[in-house]
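K.L.:
Listed below, chain by chain, are the residues.
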Amino acid sequence: MLHMARWQIWVVITICVIGVLYAVPNLLTRQQLEALPAWVPVEQVNLGLDLQGGSHLLLEVDVRAVVRERLTNLLDAVRSQAREQRIAVSNLSIVGEDAITFRVRDAARAEAVRTMVRELDQTAEITVAPDSTFTVRLNPQDLIEQRRQAISQSIEIVRRRIDETGTKEATIVAQGQDRILVQLPGERNPQRIKDLLKQTAKMNFHLLDVSNSVEDAMAGRVPPGSMLLPADNEVEPNGQPRMYLVQRRIMVAGDRLSDAQPGTNPQTGEWVVNFQFDSLGGRQFGNVTRENVGKPLAIVLDNKVISAPVIREPILGGRGQISGNFTVSSAQDLAVLLRAGALPAPLNIIEERTVGPDLGSDSIEAGAIACLIAYALIAILMIVGYGLFGIVANVTLFLNVVFTLSIMAAIGATLTLPGIAGIVLGLAMAVDANVLIYERMREETRNGRSPFPAVDVSFQRAYVTIFDSNLTTLIAALLLYALGSGPVRGFGVTLSIGIICSMFTAVTVTRLIISGWLQWRRPKELPI
Amino acid sequence: MRPIRLLNKVPSLDFFRFHKFFFALSTVLCIVSVIAMMTRGFNFGVDFAGGILIEVRTEQDADLAKMRSALGQLDLGDVALQEFGGPRDVLIRVERQEGGEAAEEAAVQKIRGALGQDVEYRRVEVVGPKVGAELIESGIWAVVLALGGILAYMAFRFGWRAGLSGVIAILHDCLTTVGLFSITGMQFDLTTVAAVVTIAGFSINDTVVIDDRIRENSRKFKSMDFRTLINRSVNESLSRTLMTNGLVFLSAIALVLFGGPVLAGFSIALLWGVIVGSYSTIYVAAPLEWYLAKRGRIAHGGPDQEPAKTG
Chain A
1199 MLHMARWQIW
1209 VVITICVIGV
1219 LYAVPNLLTR
1229 QQLEALPAWV
1239 PVEQVNLGLD
1249 LQGGSHLLLE
1259 VDVRAVVRER
1269 LTNLLDAVRS
1279 QAREQRIAVS
1289 NLSIVGEDAI
1299 TFRVRDAARA
1309 EAVRTMVREL
1319 DQTAEITVAP
1329 DSTFTVRLNP
1339 QDLIEQRRQA
1349 ISQSIEIVRR
1359 RIDETGTKEA
1369 TIVAQGQDRI
1379 LVQLPGERNP
1389 QRIKDLLKQT
1399 AKMNFHLLDV
1409 SNSVEDAMAG
1419 RVPPGSMLLP
1429 ADNEVEPNGQ
1439 PRMYLVQRRI
1449 MVAGDRLSDA
1459 QPGTNPQTGE
1469 WVVNFQFDSL
1479 GGRQFGNVTR
1489 ENVGKPLAIV
1499 LDNKVISAPV
1509 IREPILGGRG
1519 QISGNFTVSS
1529 AQDLAVLLRA
1539 GALPAPLNII
1549 EERTVGPDLG
1559 SDSIEAGAIA
1569 CLIAYALIAI
1579 LMIVGYGLFG
1589 IVANVTLFLN
1599 VVFTLSIMAA
1609 IGATLTLPGI
1619 AGIVLGLAMA
1629 VDANVLIYER
1639 MREETRNGRS
1649 PFPAVDVSFQ
1659 RAYVTIFDSN
1669 LTTLIAALLL
1679 YALGSGPVRG
1689 FGVTLSIGII
1699 CSMFTAVTVT
1709 RLIISGWLQW
1719 RRPKELPI
Chain B
4 MRPIRLLNKV
14 PSLDFFRFHK
24 FFFALSTVLC
34 IVSVIAMMTR
44 GFNFGVDFAG
54 GILIEVRTEQ
64 DADLAKMRSA
74 LGQLDLGDVA
84 LQEFGGPRDV
94 LIRVERQEGG
104 EAAEEAAVQK
114 IRGALGQDVE
124 YRRVEVVGPK
134 VGAELIESGI
144 WAVVLALGGI
154 LAYMAFRFGW
164 RAGLSGVIAI
174 LHDCLTTVGL
184 FSITGMQFDL
194 TTVAAVVTIA
204 GFSINDTVVI
214 DDRIRENSRK
224 FKSMDFRTLI
234 NRSVNESLSR
244 TLMTNGLVFL
254 SAIALVLFGG
264 PVLAGFSIAL
274 LWGVIVGSYS
284 TIYVAAPLEW
294 YLAKRGRIAH
304 GGPDQEPAKT
314 G
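Protein chains in written order, with the working numbering: chain A, 1199 to 1726; chain B, 4 to 314.
In case anyone wonders, no lab produced these hints; they're calculated from the structure. Misleading hints may appear alongside valid ones.
Derived DMTMM-like pairs (lysine to aspartate or glutamate); straight-line CA-CA distance at most 25 Å [as the list claims (entries may be wrong)]:
#1 Lys133(B) with Asp1457(A)
#2 Lys113(B) with Asp1393(A)
#3 Lys1366(A) with Glu1434(A)
Derived list of chain A stretches under chain B, where covered just means 3 residues or more per stretch with a C-beta under 8 Å from a C-beta of chain B [said to hold, decoys possible]:
#4 1547-1555
#5 1613-1622
#6 1634-1642
Per label pair, the in silico range of CB-to-CB distance [claimed, not checked]:
#7 Ala158(B) with Arg1719(A): 38 to 46 Å
#8 Val1371(A) with Arg20(B): 54 to 62 Å
#9 Glu1563(A) with Asp66(B): 39 to 47 Å
#10 Gly116(B) with Lys1366(A): 24 to 32 Å
#11 Pro1555(A) with Trp144(B): 32 to 40 Å
#12 Ile139(B) with Ile1698(A): 25 to 33 Å
#13 Ala68(B) with Ile1292(A): 53 to 61 Å
No residue lacks a Cβ here, since even glycine has one placed at the ideal position from N, Cα and C.
Chain A on its own, in the form it takes in the complex (with noise of 0.2 Å):
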């Protein structure tokens, strides 16, 4: 046991050099690291948001809104259908959250109402009762499907907005079933973001509805097919926003936009958005806009009227121009939104943490002075407690610190404040296994073995302790990783890096250096 065969020497050797080198670019500078060659390990530790300074953002895509937003949309087709083919329904109503139900009146139309639903949606299971009461049921597989969807399209709308600021190095995952995890290193005040991805910026042109009152609909009789809408930036002269009578039918869509920037009206001065269709949207522009030369195009952002102007002359060229009271900042806002695209659900900022830059270094500084505090002091008392023994487990323990460094460089962990924490805590967690071998061979010593089969034996039992000790606070820090959420995740990872870098750093380098000592030596009593 005691014994090594050179080949095993070397490994060991080799795992620590191996393991110094990971850990040396963590006291480089990055000009330094860049004038390294090319072989040399360059990973640096990650250092979360909590020590780098930035800011964490957690937001949750509200997916309901697509299933309802995709319900009121069957809903509405049911309705202009029906009509269309003269079938009277009625008790039209959306049920739960999958599902729509209506009445037909005439039992002998239920047949052809049918194959129209079918028709809308291919997969909705249809039930129709003895009163001809249909319920269409969305397809739960497809609402999945869709949900899925609307979460990756959201992370890539997501990450197009913060591309579109200047933002770097933002990353963007999704968590859960329906969490987008935002993490912008260095950002200060998120401001800017926030307020971006706080707009789902569907963008549609609408025709007004001239031919009823907006009095009227307000009044509660608001007529099929239209809608009743605020301006977004209109107020009437009683602070109430001025509201819009819009027709429901989309005449474009502002999916259809390929560009958009901001600029201003030379006549005015004031800031506009110049926007550029792509080449199906430009036709359709220039068909809506010849057919109604002289009537009000209203354009809609989130279910807001931007501006309503009188279409003067049909726009042939796929370009247009909004107006709207913007400021500088509103008006490049409404151009990145649009560039990057409508968000499919509204998003809610569930979570924010952002950590300044100052606070950061302050705690990098405050938990290293913590880690060389407590290491210090466990040295002392290690030599005190063990004399040159204790010496061995010093520069085992500060391998174990070096390796647990170098590993999470090298997996691309994050060190967290916790984290630091952790270190700190497995500092004296890894010198255990020291005490424990130590401790054997002075119950061994004392039993009266000489000190080659004391160091022996006291390997091998103690082993068997490490082990089992190890393992079980092992248990705790893994679930700690697992269950944890940001900093406290960091704190299980180091944890959980630190014991099992000290079951090779204080067992085997710690064999390694005593067996050496004592085949050096030949002592006649260990100096325990």
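Given the coordinates of chain A, work out where chain B should sit on it, guided by the hints.
P.N.:
Just chain B, lined up with the frame of chain A:
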């Protein structure tokens, strides 16, 4: 140089002599903790309660009274201010706002407006109510699974008696730690949960070392009665226990004194855990294992035998 030994020979203390007193003490501690939790509850941090936490640094020493009145006018419900780490650092906590995420958002804007441009925002945390509830849930799961995992491993390696008594001992440690937070009103947040799980890990580590020795000794001394066996094992491990736990204690002290204010709650919990974890290994887990074994072996239970003799 000659090492200094804490204990020159294996001591022969009888750890069982006052076991009834310590059982009673532990029971009382646990009951007090539970009562405190039920009657006083916790001072939940934003992690769990939801709400807003802002840490600012002012140019001169902070005028807390002035800031308090400026923020008090915003009508945001409970606003608590405290000095945090230094005279220029202020921690502001605002209770959860009615009206969900958008309301929290608006509240942060208002606070930024009220404090003006002269302060440096070191930290802004806004946690919505939903996230808070989920964090509580995952925190409870972490503790429960940690205990379950440890119980399973202990039962597998040392038998169910050792497993059960070990887990009861760490349950005792976790309960009293949580109780400490309830009684002192220290802020209970995510790092506290981390501390509780860590304490469980540390305490069981300590117990495993002794159980390991019990297992070894029970092979060596087949006819020794269980109480003497346990006592002997505790005594034999004592110098290691003192050394290691002393080192962990020192590390925890280093964290408390130098780890910075953000980690203060965590570090204090850990410090408490080291003390109570060391205690529970010797005075809860070990005697409990003996009790469980006694019930198993001698039905009528002859109580106290001779104190252990070691040599």
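K.L.:
Against this structure, judge whether each hint is valid.
P.N.:
We went through each hint and held it up to the structure:
At roughly 38 Å between alpha-carbon atoms, Lys133(B) and Asp1457(A) are farther apart than 25 Å, so this suggested pair is violated. For a cut-off of 25 Å, the pair hint linking Lys113(B) to Asp1393(A) stands: about 16 Å separates their Cα positions. Restraint check: the Cα-Cα separation between Lys1366(A) and Glu1434(A) comes to about 42 Å, which exceeds 25 Å; the hinted pair is violated. Coverage of the segment 1547-1555 of chain A by chain B holds in this model, with 8 residues showing a Cβ closer than 8 Å to a Cβ of that chain against a need of three.
For the segment 1613-1622 of chain A, the stated coverage by chain B holds: 5 residues have a C-beta nearer than 8 Å to a C-beta of that chain, and at least 3 were required. Residues of the segment 1634-1642 of chain A with a Cβ under 8 Å from some Cβ of chain B number 4, which satisfies the need for three, so the listed coverage holds. In this structure the hint that Ala158(B) and Arg1719(A) lie 38 to 46 Å apart at CB holds, the actual value being about 45 Å. Between Val1371(A) and Arg20(B) the Cβ separation comes to about 58 Å, which falls inside the hinted range of 54 to 62 Å.
Under the hint 39 to 47 Å, the C-beta atoms of Glu1563(A) and Asp66(B), about 27 Å apart, miss the expected range. Judged by the Cβ atoms, the range 24 to 32 Å given for Gly116(B) and Lys1366(A) holds: they are separated by roughly 29 Å. Under the hint 32 to 40 Å, the C-beta atoms of Pro1555(A) and Trp144(B), about 34 Å apart, fit the expected range. Between Ile139(B) and Ile1698(A), the C-beta spacing of about 30 Å keeps the proposed range 25 to 33 Å intact.
One distance hint, 53 to 61 Å for the beta-carbon pair Ala68(B) and Ile1292(A), holds here, with the actual separation near 54 Å.
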